[in-house]
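*Asks:* Listed below are the residues making up each chain.
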Amino acid sequence: MVETITSSTPPPRESIDPLTWLRRNLFSPWYNAVLTLLALYLIFTLLNKAVPFLVSAQWAAVTTNLRILLVGQYPQSELWRVGSSFLYIPFLVGIAWGVWGAMMRPFALILIAVAVGTAATSFLVVSLSLGFQLWFAVSPFVVLAGYMIGRMDFVRPRFVLIAWLVSLVTTIFLLRGLGEDSAVLPYVPTMKWGGLIVTILIAQAGITVVLPIGVILALARQSELWFFKAAAIAYIEILRATPLLCLLFLMLILSPMFLPDITTPDRLLLAFIAIVLNNSAYMAENVRGGLQSVSRGQIEAAQALGMRNLYVTLFIVLPQALRATIPAIVGQFIILFKDVAIVALVGLMDLLGAAYAIILGQDQWRTADPEVFLFVAAVYWVFTYGMSSVSRGVEHRMRAGAD
Amino acid sequence: MSNQTIQEDQMVLCRGIEKWFGSLHVLRGISVSIKKGEVVVIFGPSGSGKSTFIRTLNRLEEHQRGEIVIDGTVLDNDVRNIEIVRSEIGMVFQNFNLFPHRTVIENISMAPRLVRHLTKRQAETNAMELLERVKIPEQANKYPGQLSGGEQQRVAIARALAMQPKIMMFDEPTSALDPEMIAEVLDVMKDLAESGMTMIVVTHEMGFAREVADRLMMFDEGLIVEEGTPEEIFDNPQHDRTKDFLSRVL
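As given, the protein sequences belong to chains R and P, one line each in that order. Those letters in the first sequence? Residues 1 to 403, by our numbering. Those letters in the second sequence? Residues 1001 to 1250, by our numbering.
No wet-lab data here; the hints were simulated from the structure. Treat the hints with care, since some could be wrong.
[What the hints assert, rightly or not] Just a few of them, taken from the derived set where beta-carbon distance is under 8 angstroms, the chain P residues facing chain R:
(1) Phe-1093
(2) Asn-1095
(3) Ala-1111
(4) Val-1115
Treat the numbers as computed from the prediction; the structure is a model and nothing was measured. Backbone N, C-alpha and C define an ideal beta-carbon position, used for all residues, glycine too.
Go ahead and model the full structure; you've got the sequences and the hints to work with.
*Replies:* Here it is in structure tokens:
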């Protein structure tokens, strides 16, 4: 005798008390219990060693040098330009949060916490001038303002892209300034830029340029025109094989030969070009992987509809290819961000360079390596986590549509 | 090759089409003439060259010997001729090949906008009409992944029709569908045939062939083994291979 269920019933609800949850997930079967205990032991010993160190460490090495770490040797009187233009960062974070929602929330909240924390504790820090304190105090509000704008219906991802591009150009312009005798915006040579702002600027400019170049190279490599194909392969294979350090060194030495005598190449630009050349070669291969993942049927269907090859590539193949390549692309961006440290070779001081300057240059902090480098590592982590968050947000949004 | 030998309503003319894949002689001399409004069904064992043949008609495959003339245009290496031919032939694939990153209505309106330069509004109005014709207007703003197989294939048919082709080609349109969805797609194809569209259909659906086809062609090993009306083929197959295949399929 079979009983038929005529209407659908809700699933049985399981409520588990914490003790049962622990027992089920962490302690059974027996090897799970062993691993749990092992993990607890490791965590405990780690904390045991780490916490006393963190508490009693010479954090003053970082706090008294915060200015160098953030802006290097940028002239103090002109720092207002740096402060005002770099407010674009909390704004971008806010608007990205608004556009991409939940994926970005942890990152945005972390940034706000960092800003608030820095502003609050900066009352205790002697070397942070009023300007800095103001910046950190204001930035959470800028994030929220960006968030509210990002949530508005008509704001779409391309707005974030536009904001990204505009902020990059205006910041470079503001930092650089006009001629030497300008009253409002005196020229500040790139050799004087330093610290975190250099890292951010070069990374942002690098990311902006490397992706399009990588896409073009990947397409050229698949081209039926022999010339483009050969040029792309040569570019990719040579620049992937040359270590970045070596590439920059070569450019430094060889550039006087290729440029007219009058001009001395801007060192920052040289480093930037080296970073772009190297990373775009890797990016091309990442994109090529994505291109190959688009099924042939897609191209055939588009061709059968009469679409020209350019349109097929632009509207059918690339969107699908890039979506598949996002993890690799963001991974390359993260690598690029860290590659910026190479500017040390040309005498510029990025975040890492500033850390070295403190350790090596200031006698009192010679033993403070762990503190300074931990700080630098933490800053790198914040930015790379930000990039992963955005990438997950973008992937999530693309998935919601296309699956 | 002189154009005057082609009759007014001759949509497809093929003479001696041969194709090799490497050393494999896939098409061994296909000669076909299809009139406007005719519904031609191509059937036969797999590997016989059926799909390859229809794909040479819109240059998804390139023939190495022979001539193909589609509605007066000679199909050769001239890109302009290829574009003309492709805009006159609509194709429906076994695997649908819908664009997954665009909605249904965007899938249908994309080519008319890009190739025939329709405005978004015109293209979308036409798209909605076509969706009505294939009986799924409510799916307009969904993504292909959210539709069933039968619905996706009907969208694919609408997408091909959006370019107002003179000839519609179907490459095993129902082979990837669950049985209960085959009927809805075949119904759309029957309607299309009744409206006077010139159709070339590669399929195993013999019921459809008997009902709708004007002519059947049996392919085997790169050649047309037998050709005739449904009555001739089903009731009185001449060739051994035809009898053999039909006995296994029917």
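*Asks:* All hints are to be evaluated individually against the structure, with a verdict given for each.
*Replies:* Checked hints:
Taken as an interface hint, P/Phe-1093 checks out: its beta carbon lies about 6 angstroms from the nearest beta carbon of chain R, inside 8 angstroms. Taking 8 angstroms as the C-beta cut-off, the interface hint given for P/Asn-1095 holds, the closest approach to chain R being about 6 angstroms. Hint status for P/Ala-1111: holds, given a least beta-carbon distance of 4 angstroms to chain R, under 8 angstroms. At its closest, the beta carbon of P/Val-1115 sits 5 angstroms from a beta carbon of chain R; the interface hint therefore holds under the 8 angstroms criterion.
Of the numbered hints given earlier, the model fails none.
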